[in-house]
Amino acid sequence: MERFMELLFQPLKEFWESSVSFIPNLLATLVIIAGGVFLAWLARLVMTRVLRTVNFDRFCDSSGLTAVVRKAHLWSKPSEMTTRFIFWFLVIVFSMVGLSALRLATVDNLIAQFFLYLPRAFSAAVILSIGYVIAGFISRAVLIGAVNSGYHYAKILAEAVRLLLIVLILAMALEQLQIAPGIVLAAFSITFGGIVLALSIAFGVGGIDTAKRMIERRGEEDEQKEKGRDIEHL
Amino acid sequence: MSDFYQTGVVTTLHRLGRPSLEKLESELMAFSRHRPMALVLPALYSEFEADALKGIVGELKKVKYIKEIVLSLGRASDEEFKKAKDFMSVIPYDVKIIHNEGKRIREIYSTFDRHDLWVGEDGKGRSTWMSYGYIIAGGESRIIAIHDCDIVTYSRDMLARLVYPVVNPAIDVVFCKGYYSRVSDRMHGRVTRLLITPLIRALQKIVGSYDYLDFLDSFRYPLAGEFAMITDLAWISRIPWDWGLEVGMLAEVSRNYSPRRVCQVDIADNYEHKHQPISPDDAKKGLMRMCVDICKTLFRVLAAEGVVFSESLFNTLGVSYLRFAEDTMMKYEADAAINGLVYDRHVETKAVEAFTNAIKMAAKVFMENPLGTPLIPSWNRVSSAIPGILDMMKKAVDDDNR
Chain F
1118 MERFMELLFQ PLKEFWESSV SFIPNLLATL VIIAGGVFLA WLARLVMTRV
1168 LRTVNFDRFC DSSGLTAVVR KAHLWSKPSE MTTRFIFWFL VIVFSMVGLS
1218 ALRLATVDNL IAQFFLYLPR AFSAAVILSI GYVIAGFISR AVLIGAVNSG
1268 YHYAKILAEA VRLLLIVLIL AMALEQLQIA PGIVLAAFSI TFGGIVLALS
1318 IAFGVGGIDT AKRMIERRGE EDEQKEKGRD IEHL
Chain Z
71 MSDFYQTGVV TTLHRLGRPS LEKLESELMA FSRHRPMALV LPALYSEFEA
121 DALKGIVGEL KKVKYIKEIV LSLGRASDEE FKKAKDFMSV IPYDVKIIHN
171 EGKRIREIYS TFDRHDLWVG EDGKGRSTWM SYGYIIAGGE SRIIAIHDCD
221 IVTYSRDMLA RLVYPVVNPA IDVVFCKGYY SRVSDRMHGR VTRLLITPLI
271 RALQKIVGSY DYLDFLDSFR YPLAGEFAMI TDLAWISRIP WDWGLEVGML
321 AEVSRNYSPR RVCQVDIADN YEHKHQPISP DDAKKGLMRM CVDICKTLFR
371 VLAAEGVVFS ESLFNTLGVS YLRFAEDTMM KYEADAAING LVYDRHVETK
421 AVEAFTNAIK MAAKVFMENP LGTPLIPSWN RVSSAIPGIL DMMKKAVDDD
471 NR
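These protein sequence lines map, in sequence, to chains F and Z.
Those letters in the first sequence? Residues 1118 to 1351, per the working numbering, in order.
Those letters in the second sequence? Residues 71 to 472, per the working numbering, in order.
Bound-form chain F, shown alone (with noise of 0.2 angstroms):
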């Protein structure tokens, strides 16, 4: 019967120890969450005032960078959206550091992984604003190169060159990222050569003629230079 009583009491008591045990670390959890949203929420009315200071959000409209966050489809003002990234920024470091004070080992590796992870996302955001502003250096040179070159086609040209370093700048990124490396350095692979591929063969084939001209004419040309010769020897 004691045997009895200990195998049913012994896990309650193991299950209440632990949780006697554990209650300060999800105490400790919940204060640097409650404290990491609060320091979140004071950074984002100081970052607030001081973006409004530096007239941040004229800026962003001035160098263009209001126009490109429209066009994703974000209608708020580029200070509020800063300052509420920086918000959800902190307020999920905060939940991770107060995470890894629950001593779990899985969370714990999480963390880690979270926090491996945080140079490679920025390492992306950087690729992605850096090669925006290339692409749109590249597309408005070809613009005016075509234009100038007069060619008929030549804003749609500047848009397919745009597209492609968009989609290059976006492999780029989510390569970065880790995100299926693979299918996405397939899939690059795939479109880039098949684009290529395209090209070729339509110029290619679309040339016939005027390379058969060409080479036609490049001989003719060597033969009249033959015959002056002769007639100079004569």
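Hints listed in this document are in silico derivations from the structure and should not be mistaken for laboratory results.
You can trust all of the hints, since none of them are fake.
In silico contact screen, one side only, chain F against chain Z (beta carbon under 8 angstroms); selected entries:
{"hint": "1", "residue": "Thr1183"}
{"hint": "2", "residue": "Ala1184"}
{"hint": "3", "residue": "Trp1192"}
When the alpha-carbon atoms are kept at most 27 angstroms apart in a straight line, the in silico BS3-like pairs for lysine-lysine are as follows:
{"hint": "4", "chain 1": "Z", "residue 1": "Lys131", "chain 2": "Z", "residue 2": "Lys344"}
{"hint": "5", "chain 1": "Z", "residue 1": "Lys137", "chain 2": "F", "residue 2": "Lys1188"}
{"hint": "6", "chain 1": "Z", "residue 1": "Lys155", "chain 2": "F", "residue 2": "Lys1188"}
{"hint": "7", "chain 1": "Z", "residue 1": "Lys134", "chain 2": "Z", "residue 2": "Lys155"}
{"hint": "8", "chain 1": "Z", "residue 1": "Lys464", "chain 2": "F", "residue 2": "Lys1188"}
{"hint": "9", "chain 1": "Z", "residue 1": "Lys137", "chain 2": "Z", "residue 2": "Lys155"}
{"hint": "10", "chain 1": "F", "residue 1": "Lys1188", "chain 2": "Z", "residue 2": "Lys173"}
{"hint": "11", "chain 1": "Z", "residue 1": "Lys465", "chain 2": "Z", "residue 2": "Lys155"}
{"hint": "12", "chain 1": "Z", "residue 1": "Lys153", "chain 2": "Z", "residue 2": "Lys132"}
{"hint": "13", "chain 1": "Z", "residue 1": "Lys152", "chain 2": "F", "residue 2": "Lys1188"}
{"hint": "14", "chain 1": "F", "residue 1": "Lys1272", "chain 2": "Z", "residue 2": "Lys465"}
{"hint": "15", "chain 1": "Z", "residue 1": "Lys420", "chain 2": "Z", "residue 2": "Lys430"}
{"hint": "16", "chain 1": "Z", "residue 1": "Lys465", "chain 2": "F", "residue 2": "Lys1188"}
{"hint": "17", "chain 1": "Z", "residue 1": "Lys464", "chain 2": "F", "residue 2": "Lys1272"}
{"hint": "18", "chain 1": "F", "residue 1": "Lys1272", "chain 2": "Z", "residue 2": "Lys137"}
Ideal Cβ placement from N, Cα and C applies to all residues, glycine included.
Following the hints, put chain Z in place on chain F, whose structure we already have.
Frame of chain F, contents of chain Z only:
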């Protein structure tokens, strides 16, 4: 049928004989291939509940030469905007509604604020200006036509006659204003008949001949809200956001183009729309507000032309205006008598008294602050201050209409 006499410095296109609408529309169809047209309709949601707009939409359904309609909707909730969209969906070509109270357009307005670009208060001036922005951003239309949404006697003949002079390349006109008579059992259009014309004539007598005064005096109905213009004019124009819109727009046209390239066209035998009370004691509503705004704009434009206004000039102007207005009343009384129309001399005299007060009020405001409320900046300036604004504007409207 009207006479064919040409008055003033701008060309007048009369309604002579029995012009064929079908012929006019087929020509417009041909011209529209090279010179696409947009129609701007400034409207409040309350106008969707009135009969006039139903008639206008019914007529616009039959028009085939217009490329796009841009309706600038004011004082409407999101729900009312959806209802307005459904209402306009019967028109078989591209119709875009600018939801001025919507989240996206409000953000566009706050973008203007951030750059100290004051685009005025809610009203017809700001609504039409926003529509110009959308049309410029789209880059598809070369001609813009505008008319109000409260025209009870609307027919598509009005629109065809309004746009024809600007669309027809042989006429070489950049701006065309509509004119018409407003008669029921009596004559309406008090502000034009009893304020604008006598005031212009009084000013001409006192300050002498000025290009703008001669230009304004050439129009048979300078306050008509119906006009058509080339899109380039929408780029460069700075217009008042208040009731001075029509007079201010004519000032911009006069400033930028030769009167030889401006015309007015008879668009309707009769024109009926909502009438406003005078409210002589309150300068902030009704016709009184309209008159004060118009006079202020007139004084500012003339000051910009070089007229030196002083208290004594305004005193003389008041007296001179009254004399011209009294003479005008006598003319209209005779006109009413021969046409069997009701003519209430007392009501007309009361209107002239109210208009005299409006001139005094406008003069006072002008003397206190000659620069006054700024005009809405031109799209040229706005797109220079905020490079992506036209794209943003187009995106906002297109997303709202999706």
